[in-house]
Amino acid sequence: MDWSMTVGNVLAVFLTLAIFSFLYRDNPIYKTAEHFFVGLAAGYFIVIQYHTVFLPNLWQPLTHDVAALFRSGQAAQQLAGSLALMQLGAAAQHGLWQAFSPDIKGILDPVTFHGWRLALIVPLAMGLLMFTQLMKKYAWLSRWPMAVVIGSFSGLALLGNAQGDLLPQIKANLIPFIKPGSWTAFWADPGLFTFLDVLWNPVLIIGVISVLIYFFFSVEHKGAIGGVAAVGIGFLMISFGAAYGNTVMTRISLLIERFDFLLKPATRYITLVTLLLLLAYFIITAFKDKHKARIER
Amino acid sequence: MAKPTARWTERLEHLDRRIIFLVVAVGILVPLVAPLGLPVTVTEPVQAFRDQIDGLPPGSAVLVSADWDPGSRAELLPATVALFHHLFQRDVRVLIISLWPAGPRMVEQALAEVRGAHTKTYGKDYVNLGFKEGAEVVMVSLGDNLPATFPADYYGTPVSTLPVLRGIKSYKDIAMVITLSAGYPGTKEWVQQVQDRYNMPMISACAGVSAPEYYPYYQAGQLKGLIGGLKASAEYETVLERKGFAVAAMDAQALGHYIIIGFIILGNALYLINKWTNLGARKE
Amino acid sequence: MRSEVPMFITLFFGLFFIISAFIVHPAYKSAAQELNNWTLIIISFAYVLGVINVARIHAKKLEERRPGWAYSVMTLFGMLIMIVFGIFVPARLYGGYETGSLFSWLFDNGQVPMQATMFSLLAFFIASAAFRAFRVRSVTASLLAVTAVIVMAGRVSVGELMWSDFPRFVEWIMGDLQTAGQRAVKIGAALGAVATGLKIILGLERSYFSGE
Amino acid sequence: MANISIAEIVDVQKLNLFVLLVLFSGLVLLMIRLAEKGRQMFVRPLAGLKALEDAVGRATEMGRAVLYVPGIDDVKNIQTIYSMVILEHVAKIVADYGTPLIVPIGKAFVVPMAEETVRQGYLNAGRPQDFRSDNVRYLSDEQFAFTGAVNGIIMRERPAANVFLGSFYAEALILAETGFMAGSIQVAGTANIHQLPFFVVACDYTLIGEEFYAATAYLAQDPKLLGTIKGIDVFKGLILAVLVIGFVVETLGFTGFSRLIAGE
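Chains as they are written, first to last, in the numbering used here: chain A, 7 to 303; chain B, 342 to 625; chain C, 637 to 848; chain D, 2 to 265.
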């Protein structure tokens with residue numbers, strides 16, 4: 007009997023039922039499990055960051071190259087290279103064209119320039135600046151690395167939304183009012199689905215246009231615009247209804263998996279015992295509360 | 342003036358939540374203990390997902406991004422297991438990454454279920470490159486240089502020593518991206534940042550809750566296949582003849598849905614009855 | 637110094653990530669890759685700070701014996717045991733983070749069941765919300781309710797018994813009827829996101845750097 | 002540099018994207034410039050927004066707290082940053098009446114930003130001394146531990162008004178239903194389309210997707226925000242025109258227009 011599996015199952019079953027106990031009411035067992043979870047999740051976060059980001063992406067390249075450089079004595083020359091890199095940053099601000107002048111080009115090509123790895127000191131320094139947030143006096147310094155994060159994600163959000171959502175979705179709605187061939191197919195074989203196929207394009211066109219008009223903020227929803235906006239809110243509610251229906255699928259699946267785990271041959275009896283223990287606990291505490299309440303009255 | 346005792350319909354409308362919880366629990370337990378084995382017909386987006394993988398040229402490399410965690414394990418573990426079975430049946434190199442911290446361990450659990458049934462070796466046919474923090478920034482940096490973004494696999498072995506990654510520098514060497522998605526970052530960010538910019542063929546398996554938001558991508562052709570939720574995973578398992586948890590859960594899924602439909606109708610019926618009778622009372 | 641430098645940094649990194657999509661010059665691309673790597677490193681520091689915040693708050697709660705301090709012991713215990721075994725203890729004493737270590741055992745038997753169970757609570761909450769909060773108060777709300785019920789009924793196998801083409805009908809609703817609303821909302825949201833990203837990069841959106 | 006051709010430097014295929022970005026950015030910056038010069042920018046009144054101020058008003062009358070959850074996402078999500086703008090406004094209103102404000106935070110990185118925003122709100126109301134930093138409460142980075150903790154606050158401190166504005170995920174339903182049971186008036190808003198059904202169903206008022214962005218502009222009456230909304234509206238007019246021309250032209254069988262837009 008593999009002990010780590012069994013003890014593991016006992017812990018897993020207990021913690022599962024502890025979280026389920028929240029359904030009865032918020033109780034110390036649930037709070038203990040929840041706080042334990044918060045700790046585990048935080049600890050897990052740090053360990054994974056350490057092993058899969060800090061070591062491979064920063065520490066190893068930095069220490070590996072610093073050692074190699076000092077052994078081969080090129081340190082001074084390469085350090086000058088990374089300083090030139092700083093000017094490149096400034097050049098980017100004044101316009102990229104000068105940055106492409108031939109003499110700077112050599113700097114950009116990593117094959118000739120090991121300084122790149124050395125330059126990792128910069129993100130390391132910026133990263134450490136992040137911790138100034140914990141000190142009231144220097145907290146403003148943490149805005150520098152914060153700006154890197156905010157700038158990067160704002161730039162990517164701007165680009166991604168324009169390129170991945172805006173253009174392709176507009177293009178996908180530039181379609182003929184009736185799907186070519188669907189009209190003839192309907193008359194050839196009149197039925198629900200051939201009829202729905204004829205409706206395919208008009209639904210998309212009318213739906214998208216009316217919902218876009220609902221989200222128009224410069225004109226009050228009155229008269230004709232009000233009517234079209236009402237059609238728009240109708241399409242919107244249909245989309246929300248479909249979304250609600252699909253979400254039920256996800257939630258029920260999660261519960262099925264948990265019950266499936268509790269009923270598995272390996273955990274079935276553990277579940278039974280733990281359930282009885284929890285039941286006993288709640289009965290005793292309920293009894294104690296009633297007893298205490300009677301004394302206070 | 343003592344509050345008039347509420348009519349039973351009014352008391353029922355404010356039913357204690359725990360009774361509702363009990364009904365749901367029983368509704369899910371019964372079919373798990375006594376399965377009914379109801380049929381599962383395959384819908385078009387799932388068929389398209391399967392055809393896309395079948396259409397992969399031999400020897401091509403596929404990037405799987407497992408962006409989910411224990412919170413959505415019930416829906417995405419069956420989809421991931423079915424996907425790995427499908428990929429391992431074909432002559433395809435499988436590179437697995439994750440943009441969620443718990444992702445790599447979920448991939449390990451899926452691989453454990455699949456390894457036995459196929460003759461694929463780690464490092465030569467497939468690799469788990471683990472997790473990287475940075476969401477969209479990671480997606481974009483894979484476009485320039487994959488080995489620099491993932492210098493080592495999940496176990497710390499440098500990628501230069503892994504044959505499966507030989508000759509793979511960026512998205513140009515990747516035939517398809519398969520996004521397994523449960524939230525942010527997920528399929529939406531992959532479509533926004535990668536699909537159009539690198540015009541990368543892309544298919545997605547996602548939690549049911551995200552499916553409605555991805556249908557416009559499927560209709561626009563940005564996604565070439567879509568598995569939305571556990572029912573779709575059950576269809577995928579059926580199509581691959583590898584029936585697993587998803588198909589087994591369909592009976593409990595059916596009963597669960599009809600319980601919720603029942604609650605919506607009952608709740609609104611009570612609401613309307615109470616409204617009309619109160620209206621009536623006030624008129625007399 | 638306090639807000640001019642952060643504003644320049646935001647501008648530089650914002651523009652960098654936008655321009656990288658347009659420039660294909662090889663030398664630029666390799667420089668871009670290094671800058672990507674820098675951003676990844678800085679972001680991961682941000683998350684380490686996040687976790688230190690968790691430790692700081694629970695430790696403070698412990699020191700001041702604020703109500704519920706006993707539970708903070710559990711949080712700090714959970715965190716420390718994961719970090720100590722995950723990073724410092726060698727592999728042969730159940731250390732490290734791979735399968736077989738205490739770290740992975742606690743993840744599989746502690747974190748996975750608790751997070752999965754927390755999410756499964758949602759099935760109960762969605763049922764109670766369906767009964768108590770899902771009110772057909774208006775025409776629009778009833779449109780939402782009717783669509784939700786049809787999609788739910790048709791997406792599960794029982795639906796097929798009643799009408800064999802039910803799943804196909806639901807696919808039409810999903811692929812066409814609901815896609816229209818989703819697409820329009822997506823276009824609107826994308827415009828909002830692009831505009832806001834633009835303002836942040838150009839430093840027009842100063843609310844979160846305010847106070848100076 | 003003469004020998005390097007443009008195609009080597011810039012990806013010519015992405016011209017249509019470049020044109021869209023330049024056109025849209027120019028439009029937004031132009032409208033902001035006009036708004037700053039004092040041009041009247043009309044934005045239609047938003048029902049959800051009026052509800053936000055009624056909800057805070059009701060909390061003030063009953064002397065109970067306002068709970069404001071700025072979403073659970075990190076600073077890298079634009080909705081979190083936008084929610085800060087509305088939080089600043091709510092903080093100003095709350096400071097005027099001295100109503101307690103609770104701001105649970107689900108991401109450590111957002112804490113300093115939220116603290117500064119609420120402090121700015123109290124500053125705008127001329128009562129910086131009333132700002133207490135422990136009203137901005139960091140609970141946990143873990144989504145579900147955060148949700149459980151916020152539910153605890155709702156059930157214990159019984160806020161009269163709950164405001165959920167920002168990026169929400171699976172916990173939206175639980176927060177809305179718990180608030181519903183606690184009897185609070187609830188106003189929600191998010192651009193996360195998949196969570197809107199729960200807010201629409203369980204909350205008194207919901208700002209749907211873009212309305213969340215428009216509410217920020219309307220509330221702040223800030224030229225930059227108003228200019229943005231007008232810029233987006235004008236561009237939306239352009240898109241509507243493209244969509245109408247598109248389908249008319251496609252129906253007539255001429256597909257060149259759609260290919261032009263796609264930049265093939």
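There could be a bad hint or two in this list.
Computed cross-link-like contacts, BS3-like style, restricted to lysine-lysine with a CA-CA straight-line distance of at most 27 Å [stated by the list, open to error]:
# : chain 1 : residue 1 : chain 2 : residue 2
1 : D       : Lys15     : B       : Lys513
2 : B       : Lys513    : C       : Lys697
3 : A       : Lys296    : A       : Lys37
Since the hints were made in silico from the structure, they are not lab data.
Note to self: With the threshold set at 27 Å, check whether the alpha-carbon distance from lysine 513 of chain B to lysine 697 of chain C stays at or below it.
What the structure shows: Judged against 27 Å, a Cα distance of about 52 Å means the pair is violated.
Note to self: Given the hinted pair lysine 296 of chain A and lysine 37 of chain A, is their Cα-Cα distance within 27 Å?
What the structure shows: holds (22 Å)
Notebook entry, point to check: Is the hinted pair lysine 15 of chain D and lysine 513 of chain B satisfied, with a Cα-Cα distance of at most 27 Å?
Noted result: holds (17 Å)
Checked against the numbered hints given earlier, the structure breaks only hint 2 and satisfies all the rest.
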